[in-house]
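Listed below are the residues making up each chain.
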Amino acid sequence: MSKIGVFVCHCGENISRTVDCARVAKASGQIRGVAVAKDYKYMCSDPGQALIKNAIKEHKLDGVVVSACSPHMHEKTFRKAVTEAGLNQFLCEMANIREHCSWVHEKEEPTTRKAIELVRLMVEKVKRNMALEPIRVDVTKRALVIGGGVAGIQAALDIADGGHEVILVEKDPSVGGHMAQLSETFPTLDCSQCILTPKMVDVGSHPNIKLYTYSEVEKIEGFVGNFKVTIKKKARSVDIDKCTGCGECQLKCPSKKIPSEFDRGLKNRTAIYIPFPQAVPARPVIDREHCIYFTKGKCKACQKVCPTEAVDFEQTDEYVEEEVGGIVVATGFDLYTTDKQGPYPDYKGYGEYGYGEDPDIIDGLQFERLASASGPTGGAIQRPSDGKEPKSVVFLQCIGSRHPSKGIEFCSKICCMYTAKHTMLYKHKVHHGTAYVFYMDIRAPGKGYDEFVRRAIEEDGAVYLRGRVSRIYRSGDHLIVKGADTLSGAAVEIEADMVVLATAVMPQPGIEGLFQKLGISYDQYKFASEAHPKLRPVECATAGIFLAGACQGPKDIPESVAQASAAASKALILFSRDQMLREPVVAKVNENTCIACWYCVEICPFTAISKKDIRDRQGNLIKRVAEVNPSLCTGCGTCAATCFSNSIDLDGFTDEQIYSEINSLMAVGQDLFPEPEKAEGDSPDEKAA
Amino acid sequence: MSDRTDKIREVARKWLADGTVEAVVGWEQGTYREKCSPVLVRKPEDADRLLFNDRCTNNLMTYLKRDPVRGMEKVGVVAKGCDIKSLIGLLQESQVEREKVMVLAVTCEGVKKDDGTVPIKCQACDVNTPTFYDEIVGEKVASNPDPEARFKDLEKLDAMTPAERNSFWREELDKCIRCYACRQACPLCICSRCIAEKNQPQWVETSPHPRGNFSWNLVRAYHLAGRCVECEACETACPVNIPLMLLNRAMARTVKGAFDYEAGKDPEVQPPLRTFNLDDDNSFIL
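The listed protein sequences correspond, in order, to chains A and B. Last residue of the first sequence: 689 (my numbering), numbering continuous. Last residue of the second sequence: 1286 (my numbering), numbering continuous.
Everything labelled a hint here was simulated from the structure, so no lab data went into it. For every residue, glycine included, the Cβ atom is placed at its ideal position computed from N, Cα and C. Among the hints, a few may not be true.
[As the list claims (entries may be wrong)] Think about it this way: if two alpha-carbon atoms lie no more than 25 Å apart in a straight line, the pair counts; the simulated DSS-like pairs of lysine-lysine are:
1. A:K234 - A:K296
2. B:K1100 - A:K611
3. B:K1065 - A:K612
[What the hints assert, rightly or not] From the structure, some residues in chain A lie toward chain B, with a derived Cβ separation under 7 Å:
4. E602
5. P605
6. S645
7. E656
Sequences and hints are given; from them, build the entire structure.
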């Protein structure tokens, strides 16, 4: 007869508000095989755990059911506790009466009944649990960093400085990301490129960093500690080993009218181009979509002029495989566009602001390029339509963000700060101009942030108007901005020379494809989800994958850098061990009944199952069976469900355990739910006490 | 017919005499005039026992996965087009090695059931002239241009309400005596230990009462989803005439609709429930 202990947690009031925990404990005490059942306010607390440990020793328990929250939350905690009391950790199970019961039901009689049923299921399961030992797997001490913006750069440098090899994959021809496009940074107004480019150079020259620019992650196999990554190196059409970066090709390229991505369309580039002078690697790439040779079949001007014969029109996409142990995802963000047909098909643009068709209505990043010393105007503020210096500029905040009718409810977090910065940059360059800002709230929490905004208003005279803009339209040389100042209650009409929209921070368009390859979850906006919003903010639910920067949600530079270092330290923690322990929840094959149909081999998503020959001593083949590699198996159970002959079982979730769980719900003839008063006096709980 | 019988005997005799095969599985005259029985011929002089006529209903492929045939180095098997579909299933699932089997295909105009009627599989047959074989005998026979006609029978099920369908099956499955003849006759029931005989835990109750009968017959049907080649061996074997092919054909129709796959057509194409691909259709997941 089993001796199971049941421990019912109140979770403060989280459970006890709707579930009668004392009654759950009493009813559990009557389940056959339960030796002791107790309830306690906080089972995860020190005294709560002590209660479990004492009960294990006192009653010589051979199984424990903690009836509390989700195993995601505290299974580890309680497994550790039972181990300390001398019980195998896999003899401890959680019955989730919080997420599965108290949080989703009202305070009614059936809620408590359901909690009792959930305990009963787990008691039946734990009776059939086997003591298991964790599986040891070797750790590949190399990291993959996806994305070469400031977050990816920081994570790569930290891991590389920690002494481990890093594979850095960037989809664009150069690392740098959005930070390289910025002019100055808040709240110090130091030059963005001046602080970023040294880091970019470090990444390019660090002996531990292998840089793949103009490349994408094609495929990811394996699991924490042992990922196998296939990287697609897109055809650059330039041999970067031969190329010296002299730039002659750019000068000769006849296709010169391509809007530059780096300058956000404010300047044109050639078909063979280095995205910006400080690019790392400072090597050109041919944009095959626009190159005259690739579109029309004739030209090759760049090849003729190249002194080192580096231009290679025959280059094709190349695939390389890398083995890594941990992955940092730092894919960053992009901006919401007000265009009718933006890169985000789920969101319609802003008709009231002209769908981005007026050249003088620009977004925040375009303004950064205008203000940047390396930008299309050399840092002079000139409006795009005619190059005139704008006498008044209207800045609109919360374009897309906090605008549920446009499909986005979140706050993009950085716009209040960068808009304040923009007004200052503008005023510092156009002394007699006026900057107007339409805002909803000014959100400037952060070191030196609010002071910065106050400075913009008080010292640089930015006119802040609390309200939204209903319409922008062109009237001759000017743009008329119609809005409301809700503090004075007046309608406002401003004649502006240029309008800057602080558009929402969005994930990279189509990034969910990569997240699916990685097997990580994402929210409704396609921002990557962390494992726990408070306690595991840089880890994914998928072990070995960490998040850095704005791919997780809007973030400013200091936050992205801090998170990148945090992700790097998580990777370094992973690499600090030679071997890693894995849950022994893996599939096992019954070789007696396996009929070698290989369904499991074919369907295993992790290629963990192989074919094995069973031979006698003379080496004669007796039969062939399936064999599971426990270090590859993730315990997903697909094989167990597919096997006709029921020859595969999952350790920790055996057929027998599941069956007895189901069966326990059908038990008849027992007084399953004794009324509290009836049960009084004869509960094992009290006897134990 | 007698022409085909002669040729079958001739080929079998040759194969047995020159050692191509250890034995030939075929049909012989049964105890009763209107029935043929399976026979295992091991010697060339016994080849004359073999015959082919419209009573050769048994699907002989089921013997390939059993002893003693399973252990043989190489075996010949006489097969109609429909039987060859089963062989393709067995090849896909690695139960039979192609080089260990010599297929003696025979063209067929259709067989008859014991009561003299023509089974649905023959009415809508698309393999009267087999295409997968080592040797073939008989003149070419044209096939039914509309193999989908075999699903016509399902219309009466489709017309029922769920409640009616439930009581229909309750009544039919009530007859089941759990003799497992359907399983034994099925060439694709390949397990050495059937789930019906597993008792830790016992998913399928063994006694022939409604609950166990439902579990058994549904498990059997599900295990054949996307695999059943509709040879009708189970229904023919059933001593209490449960319309098992209604279940099997309903499955086949669903698989065809969902995956555009028909079992037993091409040994190179994997059955849909046997593959995993990242590009698999996920639209059914909410």
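Hints and how they fare:
Distance hint between A:K234 and A:K296 is fulfilled; the C-alpha atoms sit about 21 Å from each other, no more than 25 Å. Pair hint B:K1100 plus A:K611 holds up; C-alpha atoms about 20 Å apart against a cutoff of 25 Å. The suggested pairing of B:K1065 with A:K612 holds, with an alpha-carbon distance near 20 Å, which does not exceed 25 Å. This hint holds: A:E602 has a C-beta 5 Å from the nearest C-beta of chain B, less than the 7 Å allowed.
The closest approach between the C-beta of A:P605 and any C-beta of chain B is roughly 5 Å, which is under the 7 Å cut-off, so the hint is satisfied. Interface restraint check for A:S645: the shortest CB-CB distance to chain B comes to about 4 Å, inside 7 Å, so the restraint holds. Of the supplied interface hints, the one on A:E656 holds, with its beta-carbon coming within about 5 Å of a beta-carbon of chain B, less than 7 Å.
Consistency note: the structure conflicts with none of the earlier hints.
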